[in-house]
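**Student:** Dock chain B against chain A, hints included.
2 protein chains.
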Amino acid sequence: MASSIFTNNSLSLSLPAANNHNQKAIPRDFLVRLPKSAPLSSPCHLELKSSRLKVSATASPATPVMDQSSTKTTSAPPPTTVEVDLGTRSYPIYIGPGLLDQPDLLQRHVHGKKVLVVTNTTVAPLYLDKTISALTAGNPNVTVESVILPDGEKYKDMETLMKVFDKAIETRMDRKCTFVALGGGVIGDMCGYAAASYLRGVNFIQIPTTVMAQVDSSVGGKTGINHRLGKNLIGAFYQPQCVLIDTDTLNTLPDRELASGLAEVIKYGLIRDAEFFEWQEKNMQALLSRDPGAFAYAIKRSCENKAEVVSQDEKESGLRATLNLGHTFGHAIETGFGYGQWLHGEAVAAGTVMAVDMSYRLGWIDDSLVKRVHIILKQANLPTAPPETMTVEMFQSVMAVRGMNA
Amino acid sequence: MASSIFTNNSLSLSLPAANNHNQKAIPRDFLVRLPKSAPLSSPCHLELKSSRLKVSATASPATPVMDQSSTKTTSAPPPTTVEVDLGTRSYPIYIGPGLLDQPDLLQRHVHGKKVLVVTNTTVAPLYLDKTISALTAGNPNVTVESVILPDGEKYKDMETLMKVFDKAIETRMDRKCTFVALGGGVIGDMCGYAAASYLRGVNFIQIPTTVMAQVDSSVGGKTGINHRLGKNLIGAFYQPQCVLIDTDTLNTLPDRELASGLAEVIKYGLIRDAEFFEWQEKNMQALLSRDPGAFAYAIKRSCENKAEVVSQDEKESGLRATLNLGHTFGHAIETGFGYGQWLHGEAVAAGTVMAVDMSYRLGWIDDSLVKRVHIILKQANLPTAPPETMTVEMFQSVMAVRGMNA
Numbered sequence: 001m002a003s004s005i006f007t008n009n010s011l012s013l014s015l016p017a018a019n020n021h022n023q024k025a026i027p028r029d030f031l032v033r034l035p036k037s038a039p040l041s042s043p044c045h046l047e048l049k050s051s052r053l054k055v056s057a058t059a060s061p062a063t064p065v066m067d068q069s070s071t072k073t074t075s076a077p078p079p080t081t082v083e084v085d086l087g088t089r090s091y092p093i094y095i096g097p098g099l100l101d102q103p104d105l106l107q108r109h110v111h112g113k114k115v116l117v118v119t120n121t122t123v124a125p126l127y128l129d130k131t132i133s134a135l136t137a138g139n140p141n142v143t144v145e146s147v148i149l150p151d152g153e154k155y156k157d158m159e160t161l162m163k164v165f166d167k168a169i170e171t172r173m174d175r176k177c178t179f180v181a182l183g184g185g186v187i188g189d190m191c192g193y194a195a196a197s198y199l200r201g202v203n204f205i206q207i208p209t210t211v212m213a214q215v216d217s218s219v220g221g222k223t224g225i226n227h228r229l230g231k232n233l234i235g236a237f238y239q240p241q242c243v244l245i246d247t248d249t250l251n252t253l254p255d256r257e258l259a260s261g262l263a264e265v266i267k268y269g270l271i272r273d274a275e276f277f278e279w280q281e282k283n284m285q286a287l288l289s290r291d292p293g294a295f296a297y298a299i300k301r302s303c304e305n306k307a308e309v310v311s312q313d314e315k316e317s318g319l320r321a322t323l324n325l326g327h328t329f330g331h332a333i334e335t336g337f338g339y340g341q342w343l344h345g346e347a348v349a350a351g352t353v354m355a356v357d358m359s360y361r362l363g364w365i366d367d368s369l370v371k372r373v374h375i376i377l378k379q380a381n382l383p384t385a386p387p388e389t390m391t392v393e394m395f396q397s398v399m400a401v402r403g404m405n406a
Numbered sequence: 001m002a003s004s005i006f007t008n009n010s011l012s013l014s015l016p017a018a019n020n021h022n023q024k025a026i027p028r029d030f031l032v033r034l035p036k037s038a039p040l041s042s043p044c045h046l047e048l049k050s051s052r053l054k055v056s057a058t059a060s061p062a063t064p065v066m067d068q069s070s071t072k073t074t075s076a077p078p079p080t081t082v083e084v085d086l087g088t089r090s091y092p093i094y095i096g097p098g099l100l101d102q103p104d105l106l107q108r109h110v111h112g113k114k115v116l117v118v119t120n121t122t123v124a125p126l127y128l129d130k131t132i133s134a135l136t137a138g139n140p141n142v143t144v145e146s147v148i149l150p151d152g153e154k155y156k157d158m159e160t161l162m163k164v165f166d167k168a169i170e171t172r173m174d175r176k177c178t179f180v181a182l183g184g185g186v187i188g189d190m191c192g193y194a195a196a197s198y199l200r201g202v203n204f205i206q207i208p209t210t211v212m213a214q215v216d217s218s219v220g221g222k223t224g225i226n227h228r229l230g231k232n233l234i235g236a237f238y239q240p241q242c243v244l245i246d247t248d249t250l251n252t253l254p255d256r257e258l259a260s261g262l263a264e265v266i267k268y269g270l271i272r273d274a275e276f277f278e279w280q281e282k283n284m285q286a287l288l289s290r291d292p293g294a295f296a297y298a299i300k301r302s303c304e305n306k307a308e309v310v311s312q313d314e315k316e317s318g319l320r321a322t323l324n325l326g327h328t329f330g331h332a333i334e335t336g337f338g339y340g341q342w343l344h345g346e347a348v349a350a351g352t353v354m355a356v357d358m359s360y361r362l363g364w365i366d367d368s369l370v371k372r373v374h375i376i377l378k379q380a381n382l383p384t385a386p387p388e389t390m391t392v393e394m395f396q397s398v399m400a401v402r403g404m405n406a
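Quick mapping for you: the protein sequence lines, in order, are chains A and B.
Going by full-length UniProt numbering, the residue at position 110 of the first sequence is 110; the numbering climbs one at a time, nothing skipped.
Going by full-length UniProt numbering, the residue at position 21 of the second sequence is 21; the numbering climbs one at a time, nothing skipped.
Because the hints were derived from the structure by calculation, they are not lab data.
In this text, all values refer to a predicted model and were calculated from it rather than measured experimentally.
Any given hint might turn out to be false.
Identical copies carry no separate label here, and so any pair may be met within one copy or between two of them.
Derived DSS-like pairs: lysine-lysine, alpha-carbon spacing no greater than 25 Å straight-line [what the hints assert, rightly or not]:
#: 1; residue 1: Lys163; residue 2: Lys378
#: 2; residue 1: Lys167; residue 2: Lys315
#: 3; residue 1: Lys315; residue 2: Lys114
#: 4; residue 1: Lys114; residue 2: Lys300
#: 5; residue 1: Lys113; residue 2: Lys315
#: 6; residue 1: Lys154; residue 2: Lys167
Isolated chain A (complex conformation) (with noise of 0.2 Å):
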């Protein structure tokens, strides 16, 4: 088992002026109190590998499914693979540079012989036909349609998800078809529920494009869409054939998206990390200067977190809602203040601290912690309160109806 710097517990709390109606409902496992034995660093943490969860510094061994003789790369490193352990729907998540240079490490998840890469209107200029050459090479049987849509959060909703409905019909795909998500979160949550409902279920790939989504949103199977009222309302528990991060695809991210991704780095080791929380602490400098081999090593250690947790509770009946850290103050914030206004992880990280706050104020943690996580936030660049417009008022209102979906 894993160490945490606090451990999350489930407790009801009282917000100043709450009316009875919204505390009630207001969810109940978004606090953090400090165990009086928890060490800042425990040896446990290196037993984190020995159970479920796999790691390996080589290719996998799987037999590709096509000839790929023409399209190998004899010089490409093996990638780092994380496996996900479900039974029969787990799955590999492949880390390093030049991933999608190696056409095999895709076409081996590809069983049928048609594709629809779902995309936006920023990554498809960057990777689009990288990744149709990835799909494609040396496997000319493939057909392989696209559908861009523009991008951000505010466009994660039904409209748009039907227009990935309404590609995959015009182009005809069928039973086995493979989806792949070519971008950030919000394109692998509407493609991997897009995947869930055609048909009644076909495959699907994720290729995350960002820190956002390398290190959390593609890894566990929680897929969806927004509703006017609440973030991730409807959706589908459905998880991918693989998970394939090309890290050169950072390069290409702005910096205020590559901080809203080290919101979930930072809380992975928060919840259940110590040692990881500290390495970040020294290291936090390496990752905005885009360190290759620092961010490397934080990628792989945030999806063995979350692949542990995932293994141990896919469908969030309890342990995995640790994961939500932050994130209950931080949907709120999204929803209450509009889509798209602030990044998904500068909300977690205004919420992580409010979150923090308010387990300090209940005594259950100490300030040195308070203060650590303020100055790790501040580090990344992250904002470490709410929008000022946002009131009491708004907060309870939101998460009484987040309180349905933690």
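**Tutor:** Same frame as chain A, now just chain B:
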């Protein structure tokens, strides 16, 4: 194994004037071939119940969650119960008269404190109050909300589905809530898909009120909505907690709707239950005159057949496709002719004749069987030919899309 009048095999076909493109895309699992040795009536049928299917003439012994002491109807006869065997997702089908007057049947499958009944403008005035009473009698802790959708296949779309999500969110349905489908096949399919997607999946219960829904669509977990280019292209496999068939609801069913449902009853006879088919040939008049005993038998036998098929092939990788007899042509009629112009069973009846005629032309069955199919469908007041305005080109165009989803 159950016997069939003829065996459903996978085969390609050449429609007159088919062009190569569409011909390739036409699905291959909707024709029938007569095995040389197939008996028209086979003792195999009697083995049907002995394998995975459990049929019981007594009420389930499960203990009700709530105290229904004040609501027990001591004189109520125990319902017939057919079990759908799907491992941890198994569920009972209750069949009988007056079941909506036995609150414990429903209440034992409601675990949370909130229920959303999804119904339509036709069924709501007839059975909504009765259903709410059944859910709440002696059970004051449960809050029941309802959403009343417009009636008809043409409303089985995303726009109407969103009304269910809107209502669920506005009334703050939580993750432990239960959605109840009260109505025919359209309501069951939409409510089921809404339940599969809302908060990534909540409980649901089917209360089918048409023959079509009682003998076919409420059993087996196929849920979804139509796309303008094809039926049921967006959806999920999602199983209910139980199916409650109160046969008294058929008293208010229009004759045309009743006949439509008989198309599916006849289908079970054709694909896998020769003895049942012969029984139908002798008892069609009793069914049309709504003889309660005849109907109870037809529904039970249909559910048994469907439950056995679904238990063996939940996600339609093979055997389950036999349930699509008549549906490939039938869906083409529904889609090409406009949703709602013909009832589903009417289109299936015409589609069954087309499939049978095609099988005859290919030499797989002899003309006596073709005649019997024509006769029984005419007896049931069902069409035996497609709409005159449907051209071969219209069939080819729609069936090429349908080929994506057998």
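**Student:** Compare the structure with each hint and give your call.
**Tutor:** Status of the hints after comparison with the structure:
{"no.": "1", "hint": "Lys163 with Lys378", "verdict": "neither (39 Å within a copy, 43 Å between copies)"}
{"no.": "2", "hint": "Lys167 with Lys315", "verdict": "between (30 Å within a copy, 24 Å between copies)"}
{"no.": "3", "hint": "Lys315 with Lys114", "verdict": "between (30 Å within a copy, 20 Å between copies)"}
{"no.": "4", "hint": "Lys114 with Lys300", "verdict": "neither (31 Å within a copy, 41 Å between copies)"}
{"no.": "5", "hint": "Lys113 with Lys315", "verdict": "between (31 Å within a copy, 21 Å between copies)"}
{"no.": "6", "hint": "Lys154 with Lys167", "verdict": "both (21 Å within a copy, 21 Å between copies)"}
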